[in-house]
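Chemist: The residues making up each chain are set out below.
Number of protein chains: 2
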Amino acid sequence: MSHKMEKVEGGITAAGGVEAAGVHCGLKKEGEKDLALFRLLQPAAAAGVFTTNRFKAPPVTLAEKHLTNSIKGLVVNSGNANACTGEQGFKDAFSTAQKAAQKLDCHPEEVLVASTGVIGVYLPMDKIYSGIELAFEELSPRGGRDAAEAILTTDTVIKETSYRVVDDSTGDGGTEGERPYFYIGGTAKGSGMICPDMATMLAFLVTDVKISRDLLQKALQEAVKYSFNTITVDGETSTNDAVLLMATGSSDVEIAGEGETWEAFKEALLVACRDLSYQIIADGEGITKIIKLTVKGAPDYETARTISRSILNSALVKTAFFGEDANWGRIITAMGASGADFSPHKVDIFLGDVQVTSAGRGLVFDEDRAAQVLAQREVPLLVDLHLGPETLTTWGCDLSYEYVSINSAYRS
Amino acid sequence: MSHKMEKVEGGITAAGGVEAAGVHCGLKKEGEKDLALFRLLQPAAAAGVFTTNRFKAPPVTLAEKHLTNSIKGLVVNSGNANACTGEQGFKDAFSTAQKAAQKLDCHPEEVLVASTGVIGVYLPMDKIYSGIELAFEELSPRGGRDAAEAILTTDTVIKETSYRVVDDSTGDGGTEGERPYFYIGGTAKGSGMICPDMATMLAFLVTDVKISRDLLQKALQEAVKYSFNTITVDGETSTNDAVLLMATGSSDVEIAGEGETWEAFKEALLVACRDLSYQIIADGEGITKIIKLTVKGAPDYETARTISRSILNSALVKTAFFGEDANWGRIITAMGASGADFSPHKVDIFLGDVQVTSAGRGLVFDEDRAAQVLAQREVPLLVDLHLGPETLTTWGCDLSYEYVSINSAYRS
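Line by line, the protein sequences are chains B and P.
First residue of the first sequence: 881, per our numbering; consecutive thereafter.
First residue of the second sequence: 881, per our numbering; consecutive thereafter.
Warning: the hint list may mix true and false statements.
Copies of the same chain look alike in the list, so a pair counts if it works inside one copy or between any two.
[Said to hold, decoys possible] Derived SDA-like pairs: lysine to any residue, alpha-carbon spacing no greater than 25 Å straight-line:
| no. | residue 1 | residue 2 |
| --- | --- | --- |
| 1 | Lys936 | Thr1186 |
| 2 | Lys971 | Arg1241 |
| 3 | Lys884 | Asp1180 |
| 4 | Lys936 | Ser1238 |
| 5 | Lys945 | Lys1090 |
| 6 | Lys1105 | Gly1219 |
| 7 | Lys1226 | Glu1102 |
| 8 | Lys1226 | Gln968 |
| 9 | Lys908 | Ile1286 |
| 10 | Lys1007 | Leu1243 |
| 11 | Lys971 | Leu1267 |
| 12 | Lys936 | Arg1189 |
| 13 | Lys936 | Gly1268 |
| 14 | Lys936 | Arg1185 |
| 15 | Lys1176 | Glu889 |
| 16 | Lys971 | Ser1223 |
| 17 | Lys909 | Leu1243 |
| 18 | Lys887 | Asp1048 |
| 19 | Lys1007 | Lys1176 |
| 20 | Lys936 | Val1001 |
| 21 | Lys983 | Thr941 |
| 22 | Lys936 | Thr1174 |
Read the hints as simulated data drawn from the structure, not as lab findings.
Isolated chain B (complex conformation) (with noise of 0.2 Å):
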């Protein structure tokens, strides 16, 4: 067997089994969508990753211990982050589950919530339970772009992401409707990490295949270790970072363990977790370059995501990519300070095709060249460790002018 992914409309409404409504209910400025309602048609497996940060957001605890093989609901807001709100966020949260669930007549704990937005205020819950209403009479199987709207804080576009994936053994004689196939969809928030008060990144996805909860969350673990996982702005972790998946088992692929389906099941979550990592990246505030970094050679994938945090959260080596400058020493310097264990003497680095270190010594390169490939939107750099088998890729960005006047203005 064989499988083929194509790019469908659609974004998270894109699977069969699951409508979505986005409204506006008055935790963001007049007109602006700040609140979305998904309803899964029939029970769906439900799996996440959620923010490592201490102050987890009541939310985001809530979603965990909501999360089973009977999913009927999510509910997302923005505007509020219900974040450093004690024991009254812990209530507020569960009491929008309530809601909810009684508009989707299920049980609270059918129900997934996810919140984002200002910290340390408490959810006005009129408006919370006002927008589940109205939100609810708005669901629809084509919603998935009004719930993308409703998730973004200070995103300047939105994020969507949406495959089909057939089965193509049959090559392409068979016709479509004769050969299996799923889908998967998508939305995500976030301008980067680099906006915690607004906690920052939440991704949301749906697909139709039928899988246990235990091989969804498998799935989805690996995937974010590929996709959110590789991309930094400023090395920032929110209070309510939260990646959802729910599988609503409408479609006629069934993934019951290992196999061609599974591998293809994971690639497609890949790309589309991909497909959004990099939608988030490129909105990120007052960039003006993504820098996509590999590092090769590296013994193993800790050491490789190690050196691609230190070299990408460096406020040296971000400046030095701002003022296009080929400045290798600040990447030799970022990597040397990670505490990763590897051999200065066997580094070679690359940025795009002109190397500009060897055997951890400086070589002379053409400048003219090195300022091409600077001057670039998307700018490749390869540090090669020449120590083992693991390649990673990770995206990340400058540091600008427009950063700096971003966020030193930004909660007044």
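Dock chain P against chain B, hints included.
Modeler: Below, chain P alone, put in the same frame as chain B:
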């Protein structure tokens, strides 16, 4: 016995038994001093603390090797870090020591070296040699200031400290000549750690107590922990960072083991190191504000330091301080993401005398009063974990347009 510390003139040459000089030899622009030579008149015990960066520069490796009870000289050059220079770099560092040994009539192993400046360029040895010749002619017991000038890179001011410590146990009645006393003096360079191309933080101290290398090393490590290791501009650790302390033994004070004099010496060393640290942070590039952060009630030093670093290295906290915005949500978020073990629901946060967070929850506070606190050049920030006995004060700074400007246009 009790001891009294008095601030005196003289910088690193305040202590007896040391001479210094600072000259121009052509590594920096015409007229800018770039090479410092120190002579210890009697063999001195030496202690050192060095960078943990894996790309350790050859002069650092050499200095580590040469740390003994019998140091006669120290050569420091600015303008070139002799970092990422491989085998040739080691040879050049040793040749530097060898040339100084020739002039000072000792073994190369009795000479320490340090370098700071551009990474990845070989030392121009002819210039170094003529610099040592020239500096040797200018050696003077009042040469501290010239030496302090010669070790600077992007620093905007000279950094010096010097104290006399007098045994005060006889009360005010005794005359100075009758009471044993010792001196400690030092100099440092660094615009914080924000500039690894000009590999960044160096500090040199000289005291005239008689002390073994082991005790000296122990005292230095403790002092560095609560001084140089408590400042951060952007969390970068350069390839050349080094703190060296030499004891000439020319005073009448002998420290053979623990006791009152040992305590007095450690205190004086800590004060001197803190003095230099503060001068470094106050000269941070682009700085408009110093953040003085005290973490109280921590279970141990490591927890306090991890949380401090996470707060002070957060680009979001730094930009908020630049914008004079009492954005406690960003402080909470940085703490939670630090990886340190603490209880979020116990955390109190104070900005000056304004409490902004109680037991992990936000308070409604006096914004005008907070604005006054934030308008100061040095802003006190207190985080109380209510968990244990450890209190640690560390210093950071804001992130300004000027920082981006300086660092995006540095190398070119």
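Chemist: All hints, please: hold or fail.
Modeler: The hints, checked one at a time:
no.: 1; hint: Lys936 - Thr1186; in the structure: both (23 Å within a copy, 19 Å between copies)
no.: 2; hint: Lys971 - Arg1241; in the structure: between (58 Å within a copy, 15 Å between copies)
no.: 3; hint: Lys884 - Asp1180; in the structure: neither (30 Å within a copy, 55 Å between copies)
no.: 4; hint: Lys936 - Ser1238; in the structure: between (44 Å within a copy, 16 Å between copies)
no.: 5; hint: Lys945 - Lys1090; in the structure: within (22 Å within a copy, 64 Å between copies)
no.: 6; hint: Lys1105 - Gly1219; in the structure: both (20 Å within a copy, 18 Å between copies)
no.: 7; hint: Lys1226 - Glu1102; in the structure: neither (30 Å within a copy, 34 Å between copies)
no.: 8; hint: Lys1226 - Gln968; in the structure: between (55 Å within a copy, 16 Å between copies)
no.: 9; hint: Lys908 - Ile1286; in the structure: within (19 Å within a copy, 38 Å between copies)
no.: 10; hint: Lys1007 - Leu1243; in the structure: between (61 Å within a copy, 23 Å between copies)
no.: 11; hint: Lys971 - Leu1267; in the structure: neither (51 Å within a copy, 27 Å between copies)
no.: 12; hint: Lys936 - Arg1189; in the structure: both (22 Å within a copy, 20 Å between copies)
no.: 13; hint: Lys936 - Gly1268; in the structure: between (36 Å within a copy, 22 Å between copies)
no.: 14; hint: Lys936 - Arg1185; in the structure: both (23 Å within a copy, 22 Å between copies)
no.: 15; hint: Lys1176 - Glu889; in the structure: neither (35 Å within a copy, 54 Å between copies)
no.: 16; hint: Lys971 - Ser1223; in the structure: between (52 Å within a copy, 20 Å between copies)
no.: 17; hint: Lys909 - Leu1243; in the structure: between (54 Å within a copy, 24 Å between copies)
no.: 18; hint: Lys887 - Asp1048; in the structure: within (15 Å within a copy, 82 Å between copies)
no.: 19; hint: Lys1007 - Lys1176; in the structure: neither (50 Å within a copy, 40 Å between copies)
no.: 20; hint: Lys936 - Val1001; in the structure: within (15 Å within a copy, 48 Å between copies)
no.: 21; hint: Lys983 - Thr941; in the structure: within (23 Å within a copy, 70 Å between copies)
no.: 22; hint: Lys936 - Thr1174; in the structure: between (31 Å within a copy, 24 Å between copies)
Violated hints, listed in ascending order, are 3, 7, 11, 15, 19; each of the other numbered hints is respected by the structure.
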